[in-house]
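Undergrad: Single-letter residue listing:
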Amino acid sequence: GDSVTQMEGPVTLSEEAFLTINCTYTATGYPSLFWYVQYPGEGLQLLLKATKADDKGSNKGFEATYRKETTSFHLEKGSVQVSDSAVYFCALSGSTNAGKSTFGDGTTLTVKP
Amino acid sequence: KAGVTQTPRYLIKTRGQQVTLSCSPISGHRSVSWYQQTPGQGLQFLFEYFSETQRNKGNFPGRFSGRQFSNSRSEMNVSTLELGDSALYLCASSQGGSGANVLTFGAGSRLTVL
Numbered sequence: 001g002d003s004v005t006q007m008e009g010p011v012t013l014s015e016e017a018f019l020t021i022n023c024t025y026t027a028t029g030y031p032s033l034f035w036y037v038q039y040p041g042e043g044l045q046l047l048l049k050a051t052k053a054d055d056k057g058s059n060k061g062f063e064a065t066y067r068k069e070t071t072s073f074h075l076e077k078g079s080v081q082v083s084d085s086a087v088y089f090c091a092l093s094g095s096t097n098a099g100k101s102t103f104g105d106g107t108t109l110t111v112k113p
Numbered sequence: 114k115a116g117v118t119q120t121p122r123y124l125i126k127t128r129g130q131q132v133t134l135s136c137s138p139i140s141g142h143r144s145v146s147w148y149q150q151t152p153g154q155g156l157q158f159l160f161e162y163f164s165e166t167q168r169n170k171g172n173f174p175g176r177f178s179g180r181q182f183s184n185s186r187s188e189m190n191v192s193t194l195e196l197g198d199s200a201l202y203l204c205a206s207s208q209g210g211s212g213a214n215v216l217t218f219g220a221g222s223r224l225t226v227l
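Chains as they are written, first to last, in this note's numbering: chain A, 1 to 113; chain B, 114 to 227.
Just so you know, the hints here were simulated from the structure itself, not pulled from any lab data. It is possible that some hints are incorrect.
[Claimed, not checked] Listed next, the stretches of chain A that the computed footprint assigns to chain B, with coverage defined by at least 3 CB atoms under 8 Å from CB atoms of chain B:
#: 1; stretch: 43-50
#: 2; stretch: 99-106
[As the list claims (entries may be wrong)] Just a sample of chain B residues kept apart from chain A, beta carbon distances all over 12 Å, derived:
#: 3; residue: Ile-125
#: 4; residue: Thr-217
#: 5; residue: Arg-223
We put the beta carbon where it would ideally sit given N, CA and C, even for glycine.
Here chain A stands alone, though its shape is the one from the complex (with noise of 0.2 Å):
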């Protein structure tokens, strides 16, 4: 079945420095590839979003792109802030399967002044 690992947080990194992480995946077909974000005491939100191979989604400054050939979907962000602090979920919806989304562990960030 479909399967998605994420690098094992937490992370722990100062204002403005650079954050990456890690995603791969496992699917059949052509999956849509996501991530998203929840912050304390709040349910998920979408942060990007890659429909198809080598597509790049990005939002607030955050980044990802589709990369089929190494089933990956790595987040970046080139500054962070104190704000982006919360727990960041790789996920992804089959083109084989509507409906079901399958989620990574999710990785915890804490960003400090």
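We have chain A already, so just place chain B on it with the hints.
TA: Here is chain B on its own, set in the frame of chain A:
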């Protein structure tokens, strides 16, 4: 545009009891999914309903059930509660058609089983 609303936000039950959680999706969304979030297991898919039919199901025991009404509102029920059922239960809605399944999540219902 109202978001996904989950009720109740917090509840405490004892082992053996049952619980019903409610989810009102975004207007126009026909798909509702339920997830269980725990520190040890991450985000686990429970089931998804589309147009009142269960379309997908995760690997949870039969004690976990759900349904969807004609107005797309959904409920999930957990019977014979166990301590391990303590978790944050998240509901998410989407349009549910083909293509990228973009989910909009509610804030969750936090269940504590004593």
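Undergrad: State for each hint whether it applies.
TA: Right, here's what the structure says about each hint:
Coverage of a stretch by a chain is defined here by at least three residues with a beta carbon nearer than 8 Å to that chain's beta carbons; for the stretch 43-50 of chain A and chain B the count is 5, and the condition holds. Using a Cβ-Cβ cut-off of 8 Å, 8 residues of the stretch 99-106 of chain A lie near chain B, which meets the minimum of three, so the contact claim holds. Consistency note on Ile-125 (chain B): stated as away from chain A, and its beta-carbon is indeed over 12 Å from all of that chain's, at 18 Å minimum. Consistency note on Thr-217 (chain B): stated as away from chain A, yet its beta-carbon is not over 12 Å from all of that chain's, at 7 Å minimum.
Interface exclusion of Arg-223 (chain B) from chain A breaks down, the closest Cβ pair being 10 Å apart, not more than 12 Å.
In this structure, the hints that do not hold are numbers 4 and 5, in rising order.
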